[in-house]
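Undergrad: For the record, the sequence lines run as chains Y and G. Position one of the first sequence corresponds to residue 1 (my numbering), numbered consecutively onward. Position one of the second sequence corresponds to residue 735 (my numbering), numbered consecutively onward.
A hint or two may mislead.
Below, simulated EDC-like cross-link-like pairs (lysine to aspartate or glutamate); rule was C-alpha separation at most 20 Å, straight line [said to hold, decoys possible]: (1) Y/K420 with G/E1196; (2) G/K861 with G/D742; (3) G/K971 with G/D815; (4) Y/K620 with G/D742; (5) Y/K407 with Y/E364; (6) G/K1379 with Y/D544.
Derived from the structure by calculation, the hints contain no laboratory data.
Protein chains: 2
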Amino acid sequence: MRDDLGLDAIFRPKSIAIIGASRKKGSIGREILHNLIENEFAGAVFPINPHADYIHSIKCYPSLAAVPDPVDMGIIVVPKDQAVQAVDECGKKGVKGIIMITAGFKEVGGKGVEREEELVKVFRRYKMRMVGPNCMGVLNTDPSIKMDATFAPTFARDGNIGFLSQSGALGVAILEYADDLNLGLSMFVSVGNKVDIGGSDVLEYWAQDERTKVILLYLEDFGNPRKFTHLAREIVKHKPIIAVKSGRTMAGARAASSHTGALAGLDVGTHALFEQCGVLRVNTVDRLFDLGQAFSRQPIPKGKRVAILTNAGGPGIMATDAVVSVGLQMAQFSDKTLSRLREFLSEEASLQNPIDMIAHANAENYKRSLEILLEDDGIDSLIVIFVHPVYVDAKKIAESIIQVAKKQNEKPILCVFMGKKHEESGIEELQLAGLPTYLFPESAAITLASMEKYNRIKNRPEGKILSFKDIKKPVTQKIFDRALTENRERLTDLEVSQVLAAYGIPMPKFVLVRSLEETVRVTEQQNYPVALKLIAPEVVHKSDVGGVILDLHNEAELVRGYMRLQDNLSKLPNPPQKYEVMVQEMVKGGKELIMGMSYDPSFGPLIMFGLGGVYVEYLKDVSFRINPLTDLDAREMVTTLKGYKLLEGVRGEKGVNIDKIVEMLLRLSQLIADFPCIKEMDLNPFMAFPEGEKCMALDARISVHNVPPEEQSDEVKPRSSSRAKSNPNVKKHV
Amino acid sequence: MRDDLGLDAIFRPKSIAIIGASRKKGSIGREILHNLIENEFAGAVFPINPHADYIHSIKCYPSLAAVPDPVDMGIIVVPKDQAVQAVDECGKKGVKGIIMITAGFKEVGGKGVEREEELVKVFRRYKMRMVGPNCMGVLNTDPSIKMDATFAPTFARDGNIGFLSQSGALGVAILEYADDLNLGLSMFVSVGNKVDIGGSDVLEYWAQDERTKVILLYLEDFGNPRKFTHLAREIVKHKPIIAVKSGRTMAGARAASSHTGALAGLDVGTHALFEQCGVLRVNTVDRLFDLGQAFSRQPIPKGKRVAILTNAGGPGIMATDAVVSVGLQMAQFSDKTLSRLREFLSEEASLQNPIDMIAHANAENYKRSLEILLEDDGIDSLIVIFVHPVYVDAKKIAESIIQVAKKQNEKPILCVFMGKKHEESGIEELQLAGLPTYLFPESAAITLASMEKYNRIKNRPEGKILSFKDIKKPVTQKIFDRALTENRERLTDLEVSQVLAAYGIPMPKFVLVRSLEETVRVTEQQNYPVALKLIAPEVVHKSDVGGVILDLHNEAELVRGYMRLQDNLSKLPNPPQKYEVMVQEMVKGGKELIMGMSYDPSFGPLIMFGLGGVYVEYLKDVSFRINPLTDLDAREMVTTLKGYKLLEGVRGEKGVNIDKIVEMLLRLSQLIADFPCIKEMDLNPFMAFPEGEKCMALDARISVHNVPPEEQSDEVKPRSSSRAKSNPNVKKHV
């Protein structure tokens, strides 16, 4: 394995110094040393402490400089005010990697922030890599390394799961859960404040690690969501990534004045990111382990068809409920399967899925049934349920399941052994044999649904970021430059229509006027019917103030309409001082949609698409993706709406031109990528028409901001290639 | 406690005979005897077996007749073909209650069904009460009874939870879970096939039982949903009922041709029932225990405001996410609370909710913080999180929480101790002290949300079933009688409008015509604009076939419209042979709603209400309630819609007349209650207008069926009193 990242110094060191090692039981400096020794670290360990000669029977050195041999990694556990000094000593000694356990940096605010800045300066000077500060350490179960550089009381079994936790405290619990489930890890890292090594580095490292087959993440934030996306998209083709992301983004709150922003809110950025790069998201740590158990030890199912085998009706029903409600299907058994089952199962057994063998089913019944089900091509995965009758030996049941499972690697088998885990329950044996075992049927069903989703992610075609050649960038550049120069937050309606036109997004024809006379003059006969719309900077939602008059068929109606508009204005508590009126070609029919974009400080531009109209706006049937969109992203935004059927056409009604909508989203995406100064866009209503016809924005708003610095430095050039390039200057943290 | 139900013979017998007692270890006949003896049943036990003199050192009798003393209860565990005979012997001996463990009855089909019919005849003859068949027994922890009449390996701790399971197999697991959580039960019953004693009887019995404070149910079906509703509505005022209901109803499937039916589908009946009677529903057995732990041992919170106290940031964030996402609120601390906390918590602690005391927080920190939070009036409930740092004694933390919790009974305290339960984890101590303790923050948040919901259920005003005096029942009766006599499934449009009018539900004025000439003749000048609608029995969705022509303003438009209608008809693959045309007053504006009713074989009439229009129909924003509706039920149906805001009026638009909609739902409810022959109704679209104005059905369909027998015998008279009377002839099962 190549180590371009320099992370071998952290995960595979040959020698370790513990700066701040201690004799005091229960102290972190003692527990880490103890864990390294107890779990038989394959390299050398040097305790550093000026006040001791030997710790844990090992010679102790007063300073790092006094160590006679080279040191690959330093674990720092000294008090916070000595921590930076310790790093400096590591640098001087030629240490390549540091685990900074010590806390009291940015996370405590105030002086801690300064201390962290100091820390960064020092370790960068020596070009070292660092995990932490404020972390609980690193662990590698590789038999040739066997490093437990944590202060957790539990080591981990050798296995194929890489586990990253942003919370150190949770890390302790995570190792206990894994142990309780007999679940093996390849490596574990608690990344703490992530001054250097963050999620992206670790992902990249584990992507290349042969022992790591599954990656589990507990995240609280993303340092660099673009880099994360870029890496994760590639990795999930080979290794599933499953994540809990806690702490929701407050993106949308700030933008309450705009529809797009108001709909965005909360967690949409994270959701979009995970969907786009194919990371499986779960909401809780126990679910993370439910999935981890199965992904690490069972094959991925090829489809949605589940068979359930049980010795009790109630749990069978619950499992069926669960399977159906997570979107999987109950398998239909072949005639052959049914007749083979009938040969030996009791008359009282129910052979249809779920198969209820009833309470007196024995180990042989489980074994033969499983063998038969595994051979049925109409089944993609199995849930095996066992409830313990007094007169049945649970361990024998477990043993028979293990025997069958060992002989195949095509279909996942998930076990549900209800009751308590104890010596006679057979659960321990199942877990050790690599059979994920749950206490309740729902956990198994939810896990299978995620595995089936992963099967689709792995096999999904690769999306492309399209580049439209017919766009007019220079004209558009001028418009934005002018707005920024004039310190305007919003583009005028004329500018908006010009920008959209330059990127091939149509709007109805219109003319801006300032008086009734002008209105009548510019509206030629062939243009009727028209609509009148109030254009005033103070008025964001025109229709709320009676600023939209629709469907004027002739000059008389036009005159009355204009006067009604003025009348509505005069009734406002604060009528706008300066305004114009837009005389717009009246567009009739079509399905009302909404498209938009808002800027999230951590994810950058988020594109939004949804069904429009006042009903749907309140029901919030919208989807979000992080810009740039691939063609598949754009299509998914449309097809995953709850109301997608309405776009396809219902009750004999013609469907709308979906391809055109997808094209418009991609053009919007290109516009947004070309102009990072766009802060918010709102194309509402956006009207779609039947297949073969175009679609258009009836109304649109664009606001701009000065480009945030990250945006400028982050050289993501989505248009020049199908993949964002990463910039070496970008900080290497997630 | 009075025993009108005769259930004391089952739950509090003085003497028990085990018919089919056995010496064979692992056999059910031995395990039940062993459990009764081992757990020191307070009465006499008589083993019955012709082939043994003594079992478990107790004198064994060859037959029940040979027992010299009276026997209150018989537990039957003989093979299925001897079971009915055993019941007969019990009857002859004067036994009052029976637990029929033996399986092989209705659940296996075929001969089992006959066997069950035989069984019912025999036990009814002797007026005995029976639990089962096909069950795993009954348990009562009352110290004066101490009866473990189950074959499960686990007895239960003395406690205040009554647990009913419809699945015997699950019962075994349930007792293990309860034991693992140190959760005490008052009684447990596995009801099996429920030939006699079902959920309603047990509810009624536990309602009066002083030891039972919380009722947990695992149900697979309802025998008599009306009786259940009636009882549960009363009980939840004093004792929370929490239920898992597995196995979804297939009600709606059958009615695919009608909107209402299609929307109904699946699980709506159960959902409606639980909502109406205030039963808390959870989807999984583990959630049942999450709630059971807290409801049985902690006070009910007075509101939504939660305080979180933690020694680790990550879990604090997860808990916050969870609290907000279940609809609770993060409490705002008072200045006094903040300054008191600041006095002793470390500088690095974060005092805002969630309070993160960071890893080195000790038992004293937990104790003082908790005391302060309990005194803040802005807090309704507390979640206390602890993650175990190596240098902290978890048991001491647990002890300090217990000390504080003991001193108050105002605010619920839920603990989250992350990691594994083991000797040093403190979890055992917390559970024994009555502090619900979870491994993950989400479980605590979900539980608190249910407790808060229960607080609202307990305090909600009692709904009334209204009886409108202005209705015309006799006229309506005639219409339905005629349809039934003529064997018609559907009422004609004229009949529909007459029925609705008789119950005060308006429709627009209309005339039915058969020719263009007639159309022109009947449409008088003042009636314009009008709509034309095709009326043909074959056509269910008129608008799908071009059978609705709207907005005709004068005679010329009327003629053209009529011809267009004929033209549309001629294009159909199978044009209707006979049809009429409805000339209807054109109603403009208003909000489009939908109301309806479908008949569910187990729940009876289900009333449906929702937002209308093609969009919303696909998004399924609808609510269901079981008839009859109280005024509060009807209002809830309206206010709990996701799109309720749209009815209240958005963006300055006027809201609709909610009171009128509620009245219409209640009139509909009365109509449906008065005429059980109504099988389906569909008022679609139903238009609502602004406050002060009326609302009306623009189109409606009613179909009828011969009244199902249960409906006739079940003398629920919702109109004569606010509470359904129960009929002594109705079978006493849920």
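Undergrad: Let me make sure I understand: some of the numbered hints might not hold for this structure. Which ones are they, in numerical order?
TA: 1, 3, 4
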